[in-house]
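K.L.:
Sequence:
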Amino acid sequence: MKHYWLILLAFLVASCDSGVEIERLSLENLVAVSSLISPQDSVVRVYVYQGKALGGIARPDKAIINDAKVSISDESTSKDLVFDAKTNSYAISNQELKITASKQYRLQVSTVGGLVLKATCIVPPNPAEVVIDGVKDGNDFFFNLNWPPIEKTAYFTFNFELTGVVFKPRLGATSGPSLSLFLALNNLIDNSSRPSKPIESKVINAFVAEKVSLKTTFFALDKNTFNYLNTKTEANNWNANTSEFVPNLREPQAVFSNIMGGVGIFGAYNKVVFITTIL
Numbered sequence: 052m053k054h055y056w057l058i059l060l061a062f063l064v065a066s067c068d069s070g071v072e073i074e075r076l077s078l079e080n081l082v083a084v085s086s087l088i089s090p091q092d093s094v095v096r097v098y099v100y101q102g103k104a105l106g107g108i109a110r111p112d113k114a115i116i117n118d119a120k121v122s123i124s125d126e127s128t129s130k131d132l133v134f135d136a137k138t139n140s141y142a143i144s145n146q147e148l149k150i151t152a153s154k155q156y157r158l159q160v161s162t163v164g165g166l167v168l169k170a171t172c173i174v175p176p177n178p179a180e181v182v183i184d185g186v187k188d189g190n191d192f193f194f195n196l197n198w199p200p201i202e203k204t205a206y207f208t209f210n211f212e213l214t215g216v217v218f219k220p221r222l223g224a225t226s227g228p229s230l231s232l233f234l235a236l237n238n239l240i241d242n243s244s245r246p247s248k249p250i251e252s253k254v255i256n257a258f259v260a261e262k263v264s265l266k267t268t269f270f271a272l273d274k275n276t277f278n279y280l281n282t283k284t285e286a287n288n289w290n291a292n293t294s295e296f297v298p299n300l301r302e303p304q305a306v307f308s309n310i311m312g313g314v315g316i317f318g319a320y321n322k323v324v325f326i327t328t329i330l
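Per the working numbering, the sequence shown starts with residue 52, numbered consecutively.
These are calculated hints, taken from the structure and not from any lab test. Cβ atoms here follow ideal geometry from the backbone N, Cα and C, with glycine treated the same way. Take the hints with a grain of salt, since some may be wrong.
Simulated pairs of lysine-lysine, DSS-like, Cα-Cα distance not exceeding 25 Å [to be verified]:
#1 LYS130 x LYS120
#2 LYS219 x LYS187
#3 LYS322 x LYS248
#4 LYS266 x LYS203
#5 LYS149 x LYS322
#6 LYS113 x LYS154
#7 LYS219 x LYS248
#8 LYS248 x LYS113
#9 LYS219 x LYS253
#10 LYS154 x LYS169
#11 LYS253 x LYS169
#12 LYS187 x LYS154
#13 LYS149 x LYS203
#14 LYS187 x LYS266
#15 LYS322 x LYS203
#16 LYS203 x LYS120
#17 LYS219 x LYS203
#18 LYS149 x LYS130
#19 LYS283 x LYS262
With beta-carbon atoms standing in for the labels, derived distance ranges [what the hints assert, rightly or not]:
#20 GLY164 x THR328: 53 to 59 Å
#21 PHE193 x LEU222: 42 to 48 Å
#22 GLU126 x ASP184: 37 to 43 Å
#23 VAL324 x LYS187: 19 to 25 Å
#24 ASP241 x SER144: 30 to 36 Å
#25 GLN146 x ALA179: 34 to 40 Å
Please model the complete structure; the sequences and the hints are all you need to start from.
P.N.:
Next comes the structure, spelled out in structure tokens:
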């Protein structure tokens, strides 16, 4: 999972819900941090940016803080991250850090100006096996993603895609397999309040191909990541339905933050991939 899309600095400055009272942080001292860690990542990255006043220009290349001290620790060891100019992030190999399921990690960022930002997260347990039930219906493949056990996964999201497709257009079959999603729910799911029905979708024209498989990527999320992504989605939806001429009558949605002494997100996920062979 790429992390750069998590950095919306101006938006973070504008609205965060964290227990950190933004009005008590002067804008010149406002620092934004973003990092999601996972056992599956080959490199662990932390992004650190300087905040700007609302209405100011927050160019990412000018807002980067490249001289901070950044460390991630568990109960026994602490590792310093090194600034990587190619990605504008602080990085460390996961072979050295060894992010592990069900462990707690602490992030600390210290700036040259004396600011200290801290956050903690717990990596979710290894996800339970994802069960896909499917049935042929004409040329289509209807399938369900069954809910994972609540005791194994508290929060999660998922992604479907087709893989290994071999299709040769011919008379009567000019269109190959495609994925049709008709999900009547948010893709970010709190397992304790999930709908009763399983997740349903279909692969259109699956059986006109010579070969096709369904790839399901399942992300178990910690509570920090779930809250951040969920409130960010709500805020984006609010912003998309607001303009100069069509005001949104709803209150603006705050974006979750768990960074003490600043704003942003330090969270974790645990990913598993399953392949369902259709043909």
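K.L.:
Are the hints correct? Go through all of them and say.
P.N.:
Right, here's what the structure says about each hint:
1. Taken as a hint, the LYS130 and LYS120 pair is honoured in the structure, with Cα atoms around 11 Å apart against an allowance of 25 Å.
2. Distance hint between LYS219 and LYS187 is fulfilled; the C-alpha atoms sit about 20 Å from each other, no more than 25 Å.
3. For the suggested pair LYS322 and LYS248, the alpha carbons sit about 23 Å apart, so the restraint of at most 25 Å is met.
4. Only pairs whose Cα atoms come within 25 Å are accepted, and LYS266 paired with LYS203 is accepted, the gap being roughly 21 Å.
5. Taking the CA atoms of LYS149 and LYS322, the gap is near 15 Å; set against the 25 Å cutoff, the hint holds.
6. The straight-line distance between the Cα atoms of LYS113 and LYS154 is roughly 35 Å, outside the 25 Å bound, and the hint therefore fails.
7. Only pairs whose Cα atoms come within 25 Å are accepted, and LYS219 paired with LYS248 is rejected, the gap being roughly 36 Å.
8. A C-alpha spacing of about 48 Å is found between LYS248 and LYS113, which places the hinted pair above 25 Å, so the restraint is violated.
9. About 21 Å separates the Cα atoms of LYS219 and LYS253, which keeps this hinted pair within 25 Å; it holds.
10. Proximity of LYS154 to LYS169 is assessed by CA-CA distance (about 17 Å); at most 25 Å being required, the pair is judged to hold.
11. For a cut-off of 25 Å, the pair hint linking LYS253 to LYS169 is broken: about 44 Å separates their Cα positions.
12. Taking the CA atoms of LYS187 and LYS154, the gap is near 42 Å; set against the 25 Å cutoff, the hint is violated.
13. A distance of roughly 21 Å separates the Cα atoms of LYS149 and LYS203; the hinted pair therefore holds under the 25 Å criterion.
14. About 17 Å separates the Cα atoms of LYS187 and LYS266, which keeps this hinted pair within 25 Å; it holds.
15. Of the supplied pair hints, the one linking LYS322 and LYS203 holds, its CA atoms being roughly 13 Å apart against a limit of 25 Å.
16. A threshold of 25 Å between alpha carbons decides the hint, and for LYS203 with LYS120 the separation of about 35 Å lies outside it, so the pair is violated.
17. Between LYS219 and LYS203 the alpha-carbon distance is near 42 Å, which puts this suggested pair outside the 25 Å criterion.
18. For the suggested pair LYS149 and LYS130, the alpha carbons sit about 10 Å apart, so the restraint of at most 25 Å is met.
19. For the hint pairing LYS283 with LYS262, the CA-to-CA distance comes to about 38 Å; that exceeds 25 Å, so the pair is violated.
20. Between GLY164 and THR328 the C-beta distance comes to about 56 Å, which sits within the given range of 53 to 59 Å.
21. Between PHE193 and LEU222 the CB atoms are about 26 Å apart, so this pair departs from the stated range of 42 to 48 Å.
22. A C-beta distance of roughly 41 Å is found between GLU126 and ASP184, which places it inside the suggested range of 37 to 43 Å.
23. The supplied range of 19 to 25 Å is met by VAL324 and LYS187, whose beta-carbon atoms lie about 24 Å from each other.
24. For the hinted restraint 30 to 36 Å between ASP241 and SER144, the CB-CB distance of approximately 33 Å keeps it satisfied.
25. One distance hint, 34 to 40 Å for the beta-carbon pair GLN146 and ALA179, is violated here, with the actual separation near 26 Å.
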